[in-house]
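**Q** Below, each chain spelled out in residue letters.
Number of protein chains: 4
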Amino acid sequence: MANGLFPRLVAASANRWRNYVGHDFVMLLANGELPEACFRRYLTQDYLFLIHFARAWGLAVYKSEDLAEMRRAQRFVAATLDVEIGLHIDYCRGWGLSEAAMAAEPEAMATIAYTRFVIDRGLAGDRLDLETALTPCVVGYAVIAAERMADPATRLEGNRYCEWLEMYAGDEYQSLAREAEAALDEQFARRGGEGRFSSLAATFATAARLEADFWQMGLEAQR
Amino acid sequence: MANGLFPRLVAASANRWRNYVGHDFVMLLANGELPEACFRRYLTQDYLFLIHFARAWGLAVYKSEDLAEMRRAQRFVAATLDVEIGLHIDYCRGWGLSEAAMAAEPEAMATIAYTRFVIDRGLAGDRLDLETALTPCVVGYAVIAAERMADPATRLEGNRYCEWLEMYAGDEYQSLAREAEAALDEQFARRGGEGRFSSLAATFATAARLEADFWQMGLEAQR
Amino acid sequence: MANGLFPRLVAASANRWRNYVGHDFVMLLANGELPEACFRRYLTQDYLFLIHFARAWGLAVYKSEDLAEMRRAQRFVAATLDVEIGLHIDYCRGWGLSEAAMAAEPEAMATIAYTRFVIDRGLAGDRLDLETALTPCVVGYAVIAAERMADPATRLEGNRYCEWLEMYAGDEYQSLAREAEAALDEQFARRGGEGRFSSLAATFATAARLEADFWQMGLEAQR
Amino acid sequence: MANGLFPRLVAASANRWRNYVGHDFVMLLANGELPEACFRRYLTQDYLFLIHFARAWGLAVYKSEDLAEMRRAQRFVAATLDVEIGLHIDYCRGWGLSEAAMAAEPEAMATIAYTRFVIDRGLAGDRLDLETALTPCVVGYAVIAAERMADPATRLEGNRYCEWLEMYAGDEYQSLAREAEAALDEQFARRGGEGRFSSLAATFATAARLEADFWQMGLEAQR
Chain A
130 MANGLFPRLV AASANRWRNY VGHDFVMLLA NGELPEACFR RYLTQDYLFL IHFARAWGLA
190 VYKSEDLAEM RRAQRFVAAT LDVEIGLHID YCRGWGLSEA AMAAEPEAMA TIAYTRFVID
250 RGLAGDRLDL ETALTPCVVG YAVIAAERMA DPATRLEGNR YCEWLEMYAG DEYQSLAREA
310 EAALDEQFAR RGGEGRFSSL AATFATAARL EADFWQMGLE AQR
Chain B
130 MANGLFPRLV AASANRWRNY VGHDFVMLLA NGELPEACFR RYLTQDYLFL IHFARAWGLA
190 VYKSEDLAEM RRAQRFVAAT LDVEIGLHID YCRGWGLSEA AMAAEPEAMA TIAYTRFVID
250 RGLAGDRLDL ETALTPCVVG YAVIAAERMA DPATRLEGNR YCEWLEMYAG DEYQSLAREA
310 EAALDEQFAR RGGEGRFSSL AATFATAARL EADFWQMGLE AQR
Chain C
130 MANGLFPRLV AASANRWRNY VGHDFVMLLA NGELPEACFR RYLTQDYLFL IHFARAWGLA
190 VYKSEDLAEM RRAQRFVAAT LDVEIGLHID YCRGWGLSEA AMAAEPEAMA TIAYTRFVID
250 RGLAGDRLDL ETALTPCVVG YAVIAAERMA DPATRLEGNR YCEWLEMYAG DEYQSLAREA
310 EAALDEQFAR RGGEGRFSSL AATFATAARL EADFWQMGLE AQR
Chain D
130 MANGLFPRLV AASANRWRNY VGHDFVMLLA NGELPEACFR RYLTQDYLFL IHFARAWGLA
190 VYKSEDLAEM RRAQRFVAAT LDVEIGLHID YCRGWGLSEA AMAAEPEAMA TIAYTRFVID
250 RGLAGDRLDL ETALTPCVVG YAVIAAERMA DPATRLEGNR YCEWLEMYAG DEYQSLAREA
310 EAALDEQFAR RGGEGRFSSL AATFATAARL EADFWQMGLE AQR
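Going down the list, the protein sequences come from chains A, B, C and D. Taken in order, the first sequence gives residues 130 to 352; the numbers are from our numbering. Taken in order, the second sequence gives residues 130 to 352; the numbers are from our numbering. Taken in order, the third sequence gives residues 130 to 352; the numbers are from our numbering. Taken in order, the fourth sequence gives residues 130 to 352; the numbers are from our numbering.
One or more of the hints may lead you astray.
[Claimed, not checked] Which residues of chain B face chain A? A few of them, derived with a C-beta cut under 10 Å, are: (1) A183; (2) W186; (3) A189; (4) K192; (5) S193; (6) D195; (7) M199; (8) Q203; (9) A207; (10) L210; (11) A232.
Don't read these hints as lab results, they were simulated from the structure. Owing to the predicted nature of the structure, the values given are computational and were not obtained by experimental measurement. For glycine and all other residues, C-beta sits at the position ideal for the given N, C-alpha and C.
Assemble the whole structure, with the sequences as input and the hints as a guide.
**A** Okay, structure coming up:
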């Protein structure tokens with residue numbers, strides 16, 4: 130695992146990765162002190178994010194070289210459009226946010242920046258570039274939830290955000306993230322080479338930075 | 130219907146459309162006299178075609194402007210990868226063709242020409258360009274099967290190709306084709322304009338020509 | 130002109146366009162009171178912007194339907210890579226910014242958001258979508274400079290930013306902008322239709338918003 | 130050089146490369162016995178080819194990772210649109226073919242197949258995939274001309290096609306081809322890796338096959 134592409138990308142991203150996975154938004158969510166306005170802002174933008182996340186995986190279907198690759202991308206499209214968006218809408222309703230209200234909200238600059246950066250890397254580069262840009266999202270949420278669950282400062286009882294943490298710390302999401310790591314390794318073996326590492330690391334570091342900006346956008350809703 | 134985009138594209142394509150839907154390959158298939166080598170050649174290349182057809186619909190997921198558009202494209206990806214390819218492989222097995230043998234076959238020039246033409250129109254243009262390029266395939270097969278079923282020269286009994294005709298003449302495929310026509314109209318209303326018609330007609334006519342070349346490629350297997 | 134696509138897009142964008150062309154950054158630049166740190170921040174990010182601007186016009190070469198369209202896109206690629214980037218580097222040197230220093234600077238979120246939004250619209254849509262997304266940049270700078278030149282509050286003497294204003298208010302840039310407007314009209318006639326207007330207006334309004342965010346990013350450098 | 134990517138791709142393509150560079154069309158052109166109808170067919174389709182060749186290099190501008198890469202792609206766009214197409218039109222006029230007549234000709238299936246295959250590889254993959262697909266064209270013509278010039282069976286005196294051979298055997302084109310080979314090596318070092326070789330070799334072999342089909346399309350004009 131220490132030799133996998135993901136830990137190498139994390140190691141190369143210096144503080145960009147830590148700034149993302151240890152962002153104040155995450156720490157406040159874990160101890161239950163995140164203002165609700167921040168979480169609602171995040172939930173709304175995350176809804177808009179999911180639409181472009183599904184588009185990015187549609188692009189990955191197109192960029193596949195064989196049926197197995199295609200089916201893996203298709204599973205992400207289906208998981209997003211058939212399951213995640215529905216669950217997200219249900220969950221948001223519990224927070225007083227209707228789908229119509231979220232769909233009517235303009236995309237925040239941070240949402241545009243991350244989603245379109247991913248899509249551009251995916252179109253300008255190949256599927257390995259695309260998946261590398263998606264990794265801070267797909268794998269990052271699993272890392273964040275696992276780290277917070279292991280942190281004594283995290284408070285689950287009476288924490289409004291407990292359900293969110295438990296979903297991403299749960300077996301289902303954790304194993305999805307491990308599969309994504311393995312898929313990245315498999316693609317690096319097939320389409321990578323040490324010469325590509327610095328470009329992939331730059332993509333990963335920028336994506337991690339834009340994910341941190343996404344938390345920051347949520348946090349600034351308290352103002 | 131006479132005012133729909135599809136009949137207008139057919140009318141504008143002159144003999145290109147007739148050359149495709151009334152190609153000798155189709156007439157011989159309908160009267161049962163098509164040499165088996167031609168049909169096997171077609172089946173093998175159609176397997177390779179389906180992979181790029183699924184890629185084109187993955188691209189359509191990416192090119193969608195809203196969730197409804199995305200879900201329609203996703204249904205074609207799923208129908209192709211989860212159902213059609215499987216059915217095709219089963220059907221081909223009955224003709225003595227294994228999936229491994231088909232996957233090992235090089236793509237014919239006609240297969241490359243049509244599939245990559247579609248993809249290029251889809252990437253250079255917008256989703257209406259993409260779906261227009263796909264229409265001779267999606268709607269054309271329904272037209273071909275319905276026309277042949279209505280033709281007294283068609284022979285079903287004792288015709289080895291009867292199952293193929295019945296599948297595309299069946300309610301399920303016919304209604305899928307009608308939905309595709311309606312979707313084209315809806316997109317032309319939303320993204321079209323008379324100024325685009327000549328470009329769309331050129332795309333449609335070239336796609337119909339390349340579909341006729343695809344039949345021709347099958348027919349030439351008898352040599 | 131009042132019937133052209135550009136004035137219609139401006140009218141439909143409500144305050145988004147005014148927030149962009151009348152942004153504080155612009156007003157302070159015109160009266161000479163913009164802090165130099167803000168202008169340097171802008172110059173550096175504009176250098177990074179130009180690279181993606183050239184990429185977007187490269188994409189337009191690909192998305193062209195005929196030689197004339199291709200050559201118009203090629204002129205923008207050449208103008209950017211052969212002339213503008215060079216002039217920008219020379220001009221920035223006068224502000225104490227070396228090319229190496231600018232190239233080493235990370236792209237600001239605002240730079241990523243606008244450039245990748247343009248590229249994604251261009252890839253998901255057709256060339257009209259692409260050029261619509263580029264219009265707030267190409268035509269907007271001409272509008273900004275002309276408006277400020279006509280404003281009595283603008284001060285040219287002793288204004289460090291006078292050269293910038295004069296370049297974009299000059300005949301060469303003003304006529305380039307008018308040609309871009311005419312090209313937009315020509316494409317709307319050929320590939321547009323009233324059904325597309327709301328989607329084009331949404332693209333234009335978002336692009337104008339992201340351009341305002343770009344000024345804001347410059348302004349925040351004073352902190 | 131024997132370790133360069135190009136000779137490795139040639140070696141891996143088996144008979145595909147030989148079928149292309151030693152195609153009957155080429156041998157007959159070199160000994161002056163190619164029917165003029167075949168050459169005119171080739172010239173007309175080559176004009177249509179050049180338009181998509183320029184589009185492919187426009188795509189390469191978009192897919193560039195830095196200014197140097199972008200400028201190299203821009204040079205091909207400019208060489209094609211500003212020089213080659215013009216020279217081609219002049220040369221074709223000498224063969225009785227007007228630009229209008231060539232532009233009115235439908236693209237042959239072989240022209241569509243090769244150009245759109247290149248574009249699809251370029252969009253689905255990264256710039257190395259794109260340039261690999263272009264190599265049989267860019268470098269192949271230099272190899273063909275050099276091989277024929279060294280062949281005692283080649284006849285220059287009284288050969289109507291002598292000018293064609295001399296252009297591609299000339300220093301200018303030969304050095305352009307050598308630069309393209311070097312650029313391929315540079316990209317393979319930066320974005321490649323042994324894991325990618327089989328996929329690149331498959332792209333190269335298919336492109337070489339489609340180039341042979343392009344000659345064949347010319348040759349069949351004699352019928």
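**Q** Give a verdict on every hint.
**A** Verification of the supplied hints:
| no. | hint | result |
| --- | --- | --- |
| 1 | A183 | holds (6 Å) |
| 2 | W186 | holds (8 Å) |
| 3 | A189 | holds (7 Å) |
| 4 | K192 | holds (8 Å) |
| 5 | S193 | holds (7 Å) |
| 6 | D195 | holds (8 Å) |
| 7 | M199 | holds (6 Å) |
| 8 | Q203 | holds (6 Å) |
| 9 | A207 | holds (7 Å) |
| 10 | L210 | holds (6 Å) |
| 11 | A232 | holds (9 Å) |
The structure agrees with every numbered hint stated previously.
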